[in-house]
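J.: Take 1 as the starting number for the sequence shown in this note's numbering and just add one per residue.
Keep in mind that a hint or two might mislead.
Subject to a maximum C-alpha distance of 30 Å in a straight line, what follows is the list of computed BS3-like cross-link-like pairs (lysine-lysine) [to be verified]:
(1) 74 to 46
(2) 46 to 71
(3) 74 to 42
(4) 4 to 121
(5) 107 to 117
(6) 113 to 46
(7) 46 to 4
(8) 121 to 46
(9) 42 to 107
(10) 71 to 117
Since the hints were made in silico from the structure, they are not lab data.
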Amino acid sequence: MGYKIVIVDDEPHITESIQAQLEAITDEYDIHCFNFAYAALKEVFKGDVDLVISDIAMPDMDGYTLYSRIKNEKPNVPVIMMTGFGYDPNHVLVNCQKLGRLDVLLKPFPIEKLLMKIKMKLR
């Protein structure tokens with residue numbers, strides 16, 4: 001296995017679907033799925049995570065807070081955010097600009113688009 005990727009979304013079918021689709025395309029990622037942001041954060045803080053893919057709207061900690069905590073402790077770990085219908089896209093983009101990133105995928109998105117972002121982040 002190659003790069004270790006953490007996927008976090010409070011909806012298990014989302015994390016499972018992304019994992020299955022990525023694994024069907026390539027075997028170069030070691031994918032770990034979490035349905036709670038705190039559990040994902042714990043995994044990231046262990047120190048061997050190469051990339052995080054996170055939902056924004058989660059009940060235990062929102063994706064913005066997760067992003068900030070990751071960047072405070074592990075500034076070199078790239079993060080790709082994703083969000084569904086629960087957020088106004090303009091609101092999401094404004095918040096993402098404030099935090100210094102623009103990598104947000106609006107659900108549903110084609111797996112190829114995510115794969116392209118992953119490859120760009122892991123260069």
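J.: Now look at each hint and say whether the structure bears it out.
T.: Here is how each hint holds up against the structure:
no.: 1; hint: 74 to 46; result: holds, 10 Å
no.: 2; hint: 46 to 71; result: holds, 14 Å
no.: 3; hint: 74 to 42; result: holds, 12 Å
no.: 4; hint: 4 to 121; result: holds, 13 Å
no.: 5; hint: 107 to 117; result: holds, 14 Å
no.: 6; hint: 113 to 46; result: holds, 28 Å
no.: 7; hint: 46 to 4; result: holds, 12 Å
no.: 8; hint: 121 to 46; result: holds, 20 Å
no.: 9; hint: 42 to 107; result: holds, 25 Å
no.: 10; hint: 71 to 117; result: holds, 18 Å
Comparing the model with each numbered hint stated earlier shows that all of them hold.
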